[in-house]
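Sequences listed follow chains X and P, in order. So that you can map any letter, position 120 of the first sequence is 120 in this note's numbering, and since no number is skipped, the others follow by simple counting. So that you can map any letter, position 57 of the second sequence is 57 in this note's numbering, and since no number is skipped, the others follow by simple counting.
Careful: at least some of the hints might be erroneous.
Intra- or inter-copy, both count: the list cannot distinguish identical chains.
Capping the alpha-carbon separation at 25 Å, the derived lysine-lysine pairs in BS3-like fashion look like this [to be verified]:
no., residue 1, residue 2
1, Lys39, Lys248
2, Lys352, Lys248
3, Lys285, Lys50
4, Lys4, Lys248
Bear in mind the hints are in silico, worked out from the structure with no lab data behind them.
2 protein chains.
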Amino acid sequence: MKDKIYVLGGAQTDFERNWSKEGKGVIALLREVIDDGLKNINLDYYDIIKLNNQGRVACFVGNFIGEYYINQGHLGALLTEVHPAFYGVPSARYEAACASGSVALDAAMTKIRANDYDLVLVIGWELMKTVDSKLCGDYLGRAALYDEEAAGIDYPFPNLFGRLADETIKKYQLEEERYLQNLAKVSTKNYKNAKKNPNAQTKKWFMNEEQASLRGTVTNSLIGGKLGISDCSQVTDGAAFVALASEKLINEYYGRDNFPIVKGWGHRVAPMRFDTKMQDSAGSKYLLPWTRQAVVDAYNKANMTIHDIDFFETHDCFTSSEYAAISAFGITEPGSEYDAIESGLTDSNGDKPINPSGGLIGCGHPVGATGVRMFLDLYKQVTGKAVGYQLNKADNGMMLNIGGSATTNYVFIVGNE
Amino acid sequence: MKDKIYVLGGAQTDFERNWSKEGKGVIALLREVIDDGLKNINLDYYDIIKLNNQGRVACFVGNFIGEYYINQGHLGALLTEVHPAFYGVPSARYEAACASGSVALDAAMTKIRANDYDLVLVIGWELMKTVDSKLCGDYLGRAALYDEEAAGIDYPFPNLFGRLADETIKKYQLEEERYLQNLAKVSTKNYKNAKKNPNAQTKKWFMNEEQASLRGTVTNSLIGGKLGISDCSQVTDGAAFVALASEKLINEYYGRDNFPIVKGWGHRVAPMRFDTKMQDSAGSKYLLPWTRQAVVDAYNKANMTIHDIDFFETHDCFTSSEYAAISAFGITEPGSEYDAIESGLTDSNGDKPINPSGGLIGCGHPVGATGVRMFLDLYKQVTGKAVGYQLNKADNGMMLNIGGSATTNYVFIVGNE
């Protein structure tokens, strides 16, 4: 891409925290992540005020459904409750279910490329622990076609991604036991990776391959089709913050240009309804062809291939979605994803690590925050700042953030110049 | 602005319609407005498919709170239920309460300027008549700081804009009776204008200045502070569609370049809480200085002044907001808005017509659609297509779309080259 978007850095809250139990609300959450983020990029609120007086800064908020979890909409403007520095700063909220953070990132980086602002602050967040898990599942059902796919169903998304597992087995004529064992390996890897990530939700939780395989037992009950609790990301509170800047701003404020840049992106939206998605993909070798297309678009924009990507952060809302992402990324041909898993290729010490952060299953999945958290993890890895879970080789990373049942697909490539 | 954004046209549903009573839902609403809009710009669904195969088209959806009204989120992806042509087309939803349509417009036009897409389709919509007006008011309360400003209050926004009326009287030491009479004139004008707009909600409703002045009576009850029902926009179902294009696309598809263009824009967000907003503006001669700043930003980007603008579409969610907009636009000094109203300057046959469409009070206010509807009305006027309510002189128009209690402020200028 010809217009450079520099990634200054950011911050993430500890996804282990339950803000409701702490007696803290959204303003505390946002204040904390923005305070940390500004500190990490060596800016303060006075810089925001100064840049705003010059009309050079704006904020982009990713959130799925704060309207339900905390009874609040108009979520861009909510930043004015966090700090007076945001008075007058352009802001808005961006939504595509669990890919909301990526919509905010996309809008923000486009503003840099159009020379509208020199600094854009992207904040993704969700407070989900304000309600019990059943109600939480119903709220999330509004990311699917609610009346048809979610209303009256206890856990609509585990159900849909359980069906994705069934369809994967069917399309590629996989041996069910081997496939499920592969999903257990995905889950185990992501829990294991999370143990090294100080901000991961599950860093103190127990998981091993035996436990992940014992689906349908008391400690790993079935939650959607063949999928167990171990295949599933958990309800999470959290926020992530990323700052992007123009070349002008980094020259002016930092006097150096060795920041990572955004090298490519892709955005494709598949049919919303799961059944339609499957009908639409019947003639494709990919189960999720639009997911693949978003990846291809990002490679093309970056003029890169799979060989240039050192690691991946992907949307493992369920193990079945990470499984499908392996071929979408081009790591294997579709139908041969098990090769990458069984050979250890996607482990953190493999050649194509996936989710060194722990991903959604290990690190956590505060839905509106996830895209921004993934993007921040690309930044951390390529700058050697992924303390505890740093990869050996990490010059270029790709992320895939999805909304709904792989309906919205957003891909970004971040790397060093 | 150096990068040209061409306005191809669009469509609006008849805001008089109650889609729930017709037994129709959101898919029917969207299908109808998109069908009409594509026809009006001489494109069809095959063009969308073709452009999408080339990665040149995307959709931007403005909606405030479909999560409540129709139990549905992920509102960009919902377009795939409207027509298979949208399979694979990038789409997302954009939100800033009643300014949601403008967030979508802004993101869409920025994509054109960054050369990401050549055609962007912007669809604003809200179906509000799925619930009764009291519940509707509570839902809308999520555009304010809900816990502090809306929870447990019957009609939070009439209350907040009633307070805006009180603050206007106080700040400019106005005679209350005269001010309220001015608001009655605003209301009467907008109802009158709406009678000529075939898509207006109130085209068959009765209103005159006497009726608008008799607040606190059976037929015009008080709804928020000193404001009566006649000062208030009504619950509306509706959608609006606008298509924007790059220079490349219009050359390729239309072989002419005499489309209107976007000449300027402004986006500023004031403190969310009404009390804070008033404290923040205490030192300013404007009651809503960030609203004014958004207007100034748009003038500066367009290299224009008030003298270059022939007409305005503004956010008269309440008469008190249109009153405040008069000085924000620069039509009068702040505190002298009554001059413009009493002299007839803002009537459709005046020199600075405001809301020739009827505005939110006359035309209707399906909240997520409003910004897009205003923008479409700018297009219609500058191209001579505002059948029934066409102004004599309309080369350049400005719109102001606000979210919350004048929290989010979006301004666009559309005009002929």
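Original post:
Does the structure break any of the earlier hints, and which numbers would those be?
Top reply: 2
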